[in-house]
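> Start from the sequences, fold in the hints, and give me the full structure.
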Amino acid sequence: MEAYGEILLIAMPAFFGLVLFEKFWGIWKGKDTVPVSDMISSLSSGITNVTKDVLGLSLVVISYAWLYDKLGFFEIKATWLIYIIAFIALDFAGYWTHRIAHEYNIFWNNHIIHHSSEEFNLACALRQSISGIVKIFAVFLLPAAILGVPPEVIAIVAPLHLFAQFWYHTQHIRKMGILEKVIVTPSHHRVHHAINPEYLDKNYGQIFIFWDRWFGTYQDELEDVPAVYGVTRPVQTWNPIKINFMHLWLLIKDAWRAQNWSDKLKIWFMPLGWRPADVAQKYPVKKIEDVYHFEKYDSHLSKGMVIWSFAQLIVLLLLLSYLFGNLAEIGAPGIFYYGGFVFLTVYAYTELMDRNPNAWAWELLKAVYAMYFVITSGDWFGMNTAFPGAIYGFVGYLFISLLLSFVFSLGKERVQLTH
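So for the sequence shown, the working numbering puts the first residue at 76; every next one is plus one.
By construction, these hints were calculated from the structure, which means they are not laboratory data. For every residue, glycine included, the Cβ atom is placed at its ideal position computed from N, Cα and C. A couple of the hints might just be wrong.
[To be verified] Using 35 Å as the maximum straight-line C-alpha spacing, the simulated DSBU-like pairs for lysine-lysine come out as follows: (1) K357 / K328; (2) K106 / K277; (3) K317 / K362; (4) K328 / K106; (5) K378 / K361; (6) K341 / K371.
[Stated by the list, open to error] What follows is a set of in silico ranges between Cβ atoms, one per label pair, in the way DEER data are often shown: (7) K106 / Y158: 34 to 40 Å; (8) W103 / Y467: 37 to 43 Å; (9) E298 / L485: 45 to 51 Å.
Structure, rendered in structure tokens:
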């Protein structure tokens, strides 16, 4: 937990800087692929994901350590070989878990957030799940366990394997020659994120593209078929917490409404998009039929709202950095209370970005929640002790945030596009 938090203290500003670089690069080149609202939503999703992961809020069906203890028949002495095997094994496991997420209703809920952006940029790489509470990833690491790759090696290589998937979420790098045959490139991954019929459910590879070539899921990017991004059932919100659970909620409702008991059960394990016929007829769901003619989601934020939303993101990143840098000092259960504040903050300002007239209520809840800890402890989880006077800045932020939320939620202004 603490080690991962320390890694993120370096990774978060690096990723944030690269996202901003892509934004300004696009403006300079006349092809801005990073709308501000979309960027804030994506980065907010990343915040919720890393908070969940650092706090360990997930259940592992089978741990890799257990597989290693029971099935580790070999012992590899060469250190460099262990790390290579671990990397390839992780990529093999990543291909299959990724593919399963696209092919079965029950697992799509864990992955919809990553595809929910109607743009394709570095920021959307950070749209990662908080709904994947039950993890089956280790099951696909069986080859690594049999070959005797120690759990500590997997623990070291896994973050590197994850971070290496960031760079290819961009439209600014075209095809890359011979590398297209070996590794996943931006061209391959644009296909994967596209909702064009030609591209759906293709290119699941995470680092190596040969898995797709071997297992029949490869599709080249076609010059005459420009990729259109998003999901065929558009999410219509900037709130990443809502997005994380909307597919699950649809499955629950469909299972409840289905007349046939077999439909109530099999809906969870049917291919992605399958719904009982009676439910689909009585409760239709909006779906994009023509990918080239649909209106992207835009809540028409004013410049003031965009600036404030971005300021909220910056403040939260700073507060999150304090949490990750002081996990041991804050301890349990304090870190979980702090995590609750992070989630409330994201929910509140993304509801405001959605122009929800009741967004002020979430902001009020956030302020009351935070002030309870400030009043009962006289501090914010030791922040004022580490940085004398910081508590006044924190309380000031809560007050300003609540005030502006009332202004923006209840104000009658109707504003111009701000993309």
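> Decide if the proposed pair is consistent with the structure: K317 and K362, CA atoms, cutoff 35 Å inclusive.
holds (18 Å)
> Taking 35 Å as the top limit, are the C-alpha atoms of K341 and K371 close enough?
Given pair K341, K371 holds - Cα atoms ~32 Å apart, limit 35 Å.
> K106 and Y158, beta-carbon distance inside 34 to 40 Å?
holds (38 Å)
> Return holds or violated for the Cβ distance of E298 and L485 against the range 45 to 51 Å.
The hinted range 45 to 51 Å holds for E298 and L485, with Cβ atoms some 50 Å apart.
> Would you mind confirming whether the straight-line C-alpha gap from K357 to K328 stays at or under 35 Å?
Roughly 12 Å between the alpha carbons, so the hint for K357 and K328 holds.
> Against the 35 Å threshold, does the CA-CA distance of K106 and K277 hold or violate the hint?
Holds. K106 to K277 sits at ~26 Å (cutoff 35 Å).
> Within a Cα-Cα threshold of 35 Å, do K328 and K106 meet the stated pairing?
Between K328 and K106 the Cα gap is close to 41 Å, so the pair fails against 35 Å, i.e. violated.
> Hint check: K378 vs K361, CA-CA at most 35 Å. Holds or violated?
holds (30 Å)
> Could you say whether the range 37 to 43 Å given as a hint is met by the Cβ separation of W103 and Y467?
Distance hint for W103, Y467 holds at roughly 40 Å.
Hint 4 alone, counting from the list given before, is not met by this structure.
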